[in-house]
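Colleague: Spelled out, the chains give:
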Amino acid sequence: NAGVTQTPKFQVLKTGQSMTLQCAQDMNHEYMSWYRQDPGMGLRLIHYSVGAGITDQGEVPNGYNVSRSTTEDFPLRLLSAAPSQTSVYFCASSYPSKGGYGYTFGSGTRLTVV
Amino acid sequence: GDSVTQMEGPVTLSEEAFLTINCTYTATGYPSLFWYVQYPGEGLQLLLKATKADDKGSNKGFEATYRKETTSFHLEKGSVQVSDSAVYFCALSETSGSRLTFGEGTQLTVNP
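As they're listed, the protein sequences go chains A and B.
As numbered in this note's numbering, residues 1 to 114 make up the first sequence, in order.
As numbered in this note's numbering, residues 1 to 112 make up the second sequence, in order.
Just chain B, same shape as in the assembly:
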């Protein structure tokens, strides 16, 4: 079945550091790929998504590119802020769009 693997966390960075959170997936067909963010005590917010190979999703300074050849969707940000501290989830939606498969989540802490 479909699966998503995220880099092991947690990740702790200083403000203005470069962020990469790795995400790889296994799926049949042509899934859509997502990054969700969850701030402390809150629900899930869509951060960005990509629906086909080589698409780049971007939002709030975060970017991720759908790489079919490496089955990856790594999340990057050039300069993180304290307010980016949250849990980040990589997810995929199979072709029918009826459900999501999530990675384990990566806790990011940004220190001033």
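Here chain A stands alone, though its shape is the one from the complex:
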């Protein structure tokens, strides 16, 4: 199993450009989520999904769009990149595990907006 795969690993964008961060999992997990990591602020939830066709906003959704057409894929779209979106982005999937839930994280995408 590959687990959670994020692409690309690094990306530089110009202000105003759009792009899609890819996230795919091969474990048939129903739940998936996106986070951004900024210094001193931990990881903050952007969007999440509880199944194909179902998404919801997290703490910091502005400027990002998601869709979930299949169980495997949960892409994150930046509509018009801004320097404030410079961050490291992590995708995760979650699954029932021994009285609670377990989470599997991708290796992250480091995005710089200039």
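No wet-lab data here; the hints were simulated from the structure.
Be aware that one or more of the hints could be misleading.
What the hints assert, rightly or not - Calculated lysine-lysine pairs in the DSS-like style (CA-CA distance at most 27 Å, straight line): (1) B/LYS56 <-> A/LYS98; (2) B/LYS77 <-> B/LYS56; (3) B/LYS60 <-> A/LYS98; (4) B/LYS52 <-> A/LYS98; (5) B/LYS60 <-> A/LYS14; (6) B/LYS68 <-> A/LYS98; (7) B/LYS56 <-> B/LYS68; (8) B/LYS52 <-> B/LYS77; (9) B/LYS60 <-> B/LYS77; (10) B/LYS68 <-> B/LYS52.
Unchecked claim - To spell it out: a stretch of chain B is covered by chain A in this simulated footprint if at least three of its residues, at any positions, have a beta carbon under 8 Å from a beta carbon of chain A; those stretches are: (11) 45-58; (12) 100-106.
What the hints assert, rightly or not - Under 10 Å between C-beta atoms, here's a sample of chain A residues computed to sit facing chain B: (13) TYR35; (14) LEU43; (15) PRO61; (16) GLY63; (17) SER94; (18) GLY108.
Since this is a predicted model, take the numbers as computed values, not measurements.
Glycine included, each C-beta is placed from N, C-alpha and C at the ideal position.
Here the structure of chain A is known, so what remains is to put chain B in place on it, guided by the hints.
Modeller: Here is chain B on its own, set in the frame of chain A:
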């Protein structure tokens, strides 16, 4: 909404010192609690977790006990090593398990 508060950092210790990183939370229902570790330039690794009150999670010499009465999940290690230098994140997962809420992270540096 749910929230997690970690002790302010960074924390600098000498090798073999005792480590405590405080974590308190606010949540409705019965969340699961986690500690994640991030080594320089790497992603997140699960260090330990606990799913109900009074559970103790442990791994690699680290321990944390789920205290519902004080809404806390403090991380401890009896004797830290230089290789423990990393950023540590406390997190909670609400009952549905669909997402995590993270604390701010605590940078730990261990000097030889």
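Colleague: If a hint holds in the structure, say so; if it doesn't, say that too.
Modeller: Each hint tested on the structure:
1. For the hint pairing B/LYS56 with A/LYS98, the CA-to-CA distance comes to about 14 Å; that is within 27 Å, so the pair holds.
2. Our distance criterion of 27 Å between C-alpha atoms is met by B/LYS77 and B/LYS56, whose separation comes to about 13 Å.
3. Straight-line distance between C-alpha atoms of B/LYS60 and A/LYS98 comes to about 20 Å, which keeps the hinted pair within the 27 Å bound.
4. For the hint pairing B/LYS52 with A/LYS98, the CA-to-CA distance comes to about 11 Å; that is within 27 Å, so the pair holds.
5. For a cut-off of 27 Å, the pair hint linking B/LYS60 to A/LYS14 is broken: about 43 Å separates their Cα positions.
6. With a CA separation close to 19 Å, the supplied pair B/LYS68 and A/LYS98 stays within the 27 Å bound.
7. The suggested pairing of B/LYS56 with B/LYS68 holds, with an alpha-carbon distance near 12 Å, which does not exceed 27 Å.
8. Note on B/LYS52 and B/LYS77: the hinted pairing holds, with a Cα-Cα distance of about 21 Å set against a maximum of 27 Å.
9. For the given pair, B/LYS60 sits about 9 Å from B/LYS77 by alpha-carbon distance, which is consistent with the 27 Å threshold.
10. As the CA atoms of B/LYS68 and B/LYS52 are separated by approximately 8 Å, the hinted pair is consistent with the 27 Å bound.
11. A count of 4 residues in the stretch 45-58 of chain B with a Cβ less than 8 Å from any Cβ of chain A is obtained; the coverage claim is therefore met, three being the minimum.
12. Counting residues of the stretch 100-106 of chain B whose CB falls under 8 Å from any CB of chain A gives 6; the rule of at least 3 is met.
13. Evaluation of the A/TYR35 hint against chain B yields a held restraint, the C-beta minimum of about 7 Å falling below 10 Å.
14. Because the closest C-beta pair between A/LEU43 and chain B is about 4 Å apart, less than 10 Å, the hint holds.
15. For A/PRO61, the suggested interface contact is broken, since its CB lies about 12 Å from the closest CB of chain B, more than 10 Å.
16. Hint status for A/GLY63: violated, given a least beta-carbon distance of 19 Å to chain B, over 10 Å.
17. Satisfaction of the interface hint for A/SER94 is found here, the shortest Cβ-Cβ separation to chain B being roughly 5 Å, below the 10 Å cut-off.
18. A cut of 10 Å between beta carbons decides the hint on A/GLY108: the least distance to chain B is about 5 Å, and the hint holds.
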